[in-house]
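J.: What follows is the residue order along each chain.
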Amino acid sequence: MEPAWSTVITPNNRLLRLNLREVWQYRDLCMLLVRRAITTQYKQTLLGVLWFVIQPLLTTVIYMVVFGGIAGISTDGLPQPLFYLSGIALWNYFADSLTKNANTFVDNAAIFGKVYFPRIVMPLSIVISHLLRLAIQLGLLLVVYAIYQLWLMPGAIHTNGYLLLLPLLIVMLAGHSLAFSMLFSSLTTKYRDLQVMLTFLVGLWMYATPVIYPLSTITNSRLHTVMMLNPVTSIVEAFRYGMLGVGELSWWGLAYSFGVMVVLLMLALVTFNKVQRNFMDHV
Amino acid sequence: MQNAVEFEHISKLYRLGTISTGTLRQDLQRWWTMRVRRREDPWLQIGETNDRSSKGISNIVRALHDISFNVATGDVVGIIGKNGAGKSTLLKILSRITSPTTGTIRARGRIGSLLEVGTGFHPELTGRDNIYLNGAILGMSKAEIRRKMDAIVDFSGCERYIDTPVKRYSSGMLVRLGFSVAAHLDPEILVVDEVLAVGDAEFQKKAIGKMQEVNRGEGRTVLFVSHNMAAVRNLCRTGILLENGELQCSGTAAEVIDTYLSGQHEKPADRCFNGEEAPGNSEIKIRRMYFVDTDGHTVSYGLISQRIGLRVEYEVLQDIPAFTHGANLYDATGLHLFTTHDNNEPQAGIVGKGTYQTTLWLPGNILQAGHYTLSFAFMRYNPFEVIYHSEPLIQLALLDDMEAPTRHPQYKSDLPGLIRPVVEWSKAEKLVVK
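Quick mapping for you: the protein sequence lines, in order, are chains W and A. Following the numbering used here, the numbering of the first sequence begins with 1 at its first residue and continues without gaps. Following the numbering used here, the numbering of the second sequence begins with 1 at its first residue and continues without gaps.
Just chain A, same shape as in the assembly (with noise of 0.2 angstroms):
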């Protein structure tokens, strides 16, 4: 398979704070203390309170740090990170915006991106002027554009108001007429940033759809910046995850997601517990607490829309009068959200020592996305008594899923709210006044 985009070794150094005072005064005043009267550079301390890292001297900051990998033509590639990582400004070098410090990139094709929304529209120039304008900005040619002129207009639905100067629209016809030319760039690499792109729903909508329309249509590539793990990982094939500059993993899409997520979570996903360390008491010690999906796979994160298993083993020490189980879901927050018990009909008699496992399975379409955690806690009934009750042992982390049932499929933005249940709609119908 060829590849679309090689990045070989790219680094980005930024110099904080004295590359300028800002002014020729300031500057010629600095050149003359330090090279003419060799003195200190009078401005120095400016540059120290910008300096964020933890050695002091150094004025350096590395944005990213030897970076390498391989985009396959024609692959969806999902790059995430927390902010600052380091995913603007590897695609700012991308896009040629910035050059990199060390490094070479090496692409196939028109590099397009779809943040240059409107860029260069003058205001007095009419919608078709600034579609050239526009198109011209973005590299291409005259002819071309006069080519799909047609096709972008229509698309931008201000067929209308084509020839009005473009200060007459309104900001949601010139968010669509710029769309409508950066969609028509056809790049054989494009570049989505979704994160400057936050905040408007409906270009996000067409955004992702035109992405995914140019990538399965034309088999063309696609990079794709989200902090949306729910999109990134409906959209992308693979990703490459960012951590403070420098390149932390790349696989499948759902990999890196994993990654990504185990990193960011407080408590992990799945905890092994040896020895006397262990939770519990003399009687019961937890070993192992970790998530399964339906297939009995173990899982750092499921979707909203899928049932989602908390399987828990623990360790009777001896033998030990019957007993059930129960647990805890509390959010983020620390908010308690429910208790469930076990609902079995517990044994009677005595519970050998031994080593068992339990399930409790987590209904889909019930919580919000988000992270929860999770404790667990034995107890025994006739007289009721809690023999052990854990404190929050491992962390669950709930992905949106666009094909929700809670969603409508044309509605791909945030659906806001605590829980995310399903909602029997029956379908509305007509009052006939007798």
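Just chain W, same shape as in the assembly (with noise of 0.2 angstroms):
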């Protein structure tokens, strides 16, 4: 008996072709890289690890001095530290997983030209590794929370079952920026000035989303409308109000951010699937 072909090679034209087993084959590759990622992010630096501490609370006295203190944004009646702890963990996550997944190509050329995995691989990895960070600094809201709640202004925060929500959140943040890092990284093959331009989108995309204000300070209906447009948005809520007890818990909005990100999902993995094939050629 002969033993089937293992490996096929065709042009490959359907345009949605997942291949969830080959993934699922290249699961050590993926777990590797996470490693690598954490553990060479901040070798042979003074702090290591603490970084991912220092990073969200320097972040937090500052959105405190401008935000808070200078241009008296109100904060739902929450603590600050609280407030911007929140939005910042969440939106760092976001951010960062998109920033450093949209050079995917470009930064990995030198591999993706000699070896072939499923180039996917490459974002899981990252969007994954970037999970323990976000743990950490919720880790530090935790701290933050504790000392609120025990000591400074006892029984004043609300949290509620909401919060069980938690890990729904924190898989569609995952998959916000593994759709909108994958579509980047397709375009960045082809057109290098998107790399500049992303920095600069996710910077103004933090200022629509309710991280440094809260989104009940947009009474505007219109402007309000616009900001429930931004898939974030009522991640970034509903977080709030579950672990806060302050913000909009809109299921709309969830069904509506959840529906978003399965479109985009499957478009980034045609652009991609598209790509992959053949940006050797072009890189």
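If you are wondering where the hints come from, they were derived from the structure by calculation, not from laboratory data. Be aware that a few hints might be false.
Derived list of chain W stretches under chain A, where covered just means 3 residues or more per stretch with a C-beta under 8 angstroms from a C-beta of chain A [said to hold, decoys possible]:
id : segment
1  : 27–38
2  : 93–100
If you anchor each label on the Cβ, the simulated ranges turn out as follows [claimed, not checked]:
id : chain 1 : residue 1 : chain 2 : residue 2 : range
3  : W       : Gly203    : A       : Lys82     : 49 to 55 angstroms
4  : A       : Ala332    : W       : Tyr42     : 54 to 60 angstroms
5  : A       : Glu213    : W       : Val143    : 54 to 60 angstroms
6  : A       : Lys82     : W       : Gly48     : 41 to 47 angstroms
7  : W       : Leu142    : A       : Glu159    : 41 to 47 angstroms
8  : W       : Thr39     : A       : Ala143    : 19 to 25 angstroms
9  : W       : Arg35     : A       : Asp186    : 51 to 57 angstroms
10 : W       : Arg21     : A       : Glu6      : 18 to 24 angstroms
11 : W       : Thr10     : A       : Ala143    : 28 to 34 angstroms
12 : A       : Thr358    : W       : Thr10     : 38 to 44 angstroms
Fair warning: this is a prediction, and the values are worked out from it, not measured in the lab. Think of the CB as a built atom: it goes at the ideal place given N, C-alpha and C, for glycine as much as any other residue.
Take the two lone chains and join them into the complex the hints point to.
T.: The following block contains the structure:
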């Protein structure tokens, strides 16, 4: 008996060819890449992993001074550190993995040009490795939360059962980040100027997301609708509502965000597959 | 015999120039002029200058065209051809770095290549971590790497530094470590592109050694791309010849090398001359010049360690006074290397009308590998007179021989120099100072 063909190489014209089995075969690679990303990030730095904590803390202080202090933007009655930290933790996860992934093809051209593995393993590993950072920052949030809840303002924060949505919210954030970054990385193989644009775009995007202000300050109903069109908005708001008891939990918003994520992921996979087949020809 | 790899109608097209202008601004501008204003593509000129083919209109380049062949399991196939013939593109498609435009490749088993040395090494990670990472990139599972870890570390010879970040490694150690991982991938189908490994003699030697070991020991399939005909001849059983993206011929390695070399020659290695155009004069005409090996078989190339015969058939057109022969050998640059005269006693008297044949034997282990041309002459003594001296008519290709006595068996790369004589070395002895 002849063993069956284990590899069949074709022009691959089908648009949506996920080949999850193949990705699963490379799960070890994915996890090793995750480990590499985590262990090498702060190697040979003075403070090491502490940077995961220092960076959001410093950002929070800056926001407290600039937006809370000078600009006097409301935090929905929440203590400023809690408000900003909760937004920053989620936003950082989304934005960091997005910017990091946007150059997947260009950054890894050397590897991709020499050896085959499902390219999606790369962005996937980044999204997973950033989860650790998110966990640490959420831990930091928890510490600050405990300080307020138990000591500074006992019982003033109304955490509720909707906090259980957190895993779903994180998956949605990861999905969005993955979708956007895959779309972007596919385009940057052709247009390098998008790399420059992305940093700028992500900066702007943050201001269109209720990170430094609560959605409730947007009273103009048209502007409110526009805000809700941003699929990240309802995720951040839902998290704040569950964790801190203040915010807008909109099921419609979450459903919309989920739908957008699914559509974008499909689109991203199609583009990504199309690019990964032949991008070596024009990198 | 079952096939390890089947190539079916593989074609690959590249579009030149006009895929994209490189920046979004220019592409939008192009889209605007072409689709909205219905004008000509403002960037078309850029594409045109890139086009090397004679057809100026087409900006499509055919890197591979309708390649079909099968590789039997356990075979060692040499893929040869000039630069740009499509060898590397074929390997790239086989290793799935780029996809074919049409056609299908089917393969049994893991495809590994010895090019991917140290792919994905991260300078901050230790040797051990990098072995895991590199191995996983090449397609090994974590458990598999763990099983082979000792062997890999052993082979690399980096045991002492295995838990040190590789940024502290010397470049040689990095290559050894990388190669060691690649060598332990144990693919069912091994791809070796020597073209890309040129320059590092040590590496080449190891790669070729591993290739032989893999093939002989475990009967694995090897695809070998090389410019070095001697290596192909030594290592490969079968071969395919690519020319301008098309499959020129396939067959045994020797046959394919033959075709390749005869296509490369400025002059053929075997020439027949008919009628009046044949080189010569009114007395003698050369009818055929070719090479034979010691068994008398016609050959188009030789090995530097072999005796090779130049056989000349000539026609004496009328009864003429006896004469003798001579030949000249020139190298590829036209440098006259030597003259040789027939040292047999010439017949006395008259040579009758008819066709004759003579063979002169070039000794082995004198000439360096390369291309040589030969001219032939007829002359008489007493008084000395050249009856006819042809121009260089045929060309001899001499290939290096891995088993030549002029090379140490463990040295596998080039031996430079103009000639390759056997030199006698006496054994070193210790000097005793009195």
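J.: Next, verify each hint and record whether it holds.
T.: Verification of the supplied hints:
no.: 1; hint: 27–38; in the structure: holds (count 7)
no.: 2; hint: 93–100; in the structure: violated (count 0)
no.: 3; hint: W:Gly203 with A:Lys82: 49 to 55 angstroms; in the structure: holds (52 angstroms)
no.: 4; hint: A:Ala332 with W:Tyr42: 54 to 60 angstroms; in the structure: holds (59 angstroms)
no.: 5; hint: A:Glu213 with W:Val143: 54 to 60 angstroms; in the structure: holds (58 angstroms)
no.: 6; hint: A:Lys82 with W:Gly48: 41 to 47 angstroms; in the structure: violated (54 angstroms)
no.: 7; hint: W:Leu142 with A:Glu159: 41 to 47 angstroms; in the structure: holds (45 angstroms)
no.: 8; hint: W:Thr39 with A:Ala143: 19 to 25 angstroms; in the structure: holds (21 angstroms)
no.: 9; hint: W:Arg35 with A:Asp186: 51 to 57 angstroms; in the structure: violated (24 angstroms)
no.: 10; hint: W:Arg21 with A:Glu6: 18 to 24 angstroms; in the structure: holds (22 angstroms)
no.: 11; hint: W:Thr10 with A:Ala143: 28 to 34 angstroms; in the structure: holds (31 angstroms)
no.: 12; hint: A:Thr358 with W:Thr10: 38 to 44 angstroms; in the structure: violated (59 angstroms)
Of the hints listed earlier, those the structure fails to meet are numbers 2, 6, 9 and 12, in rising order.
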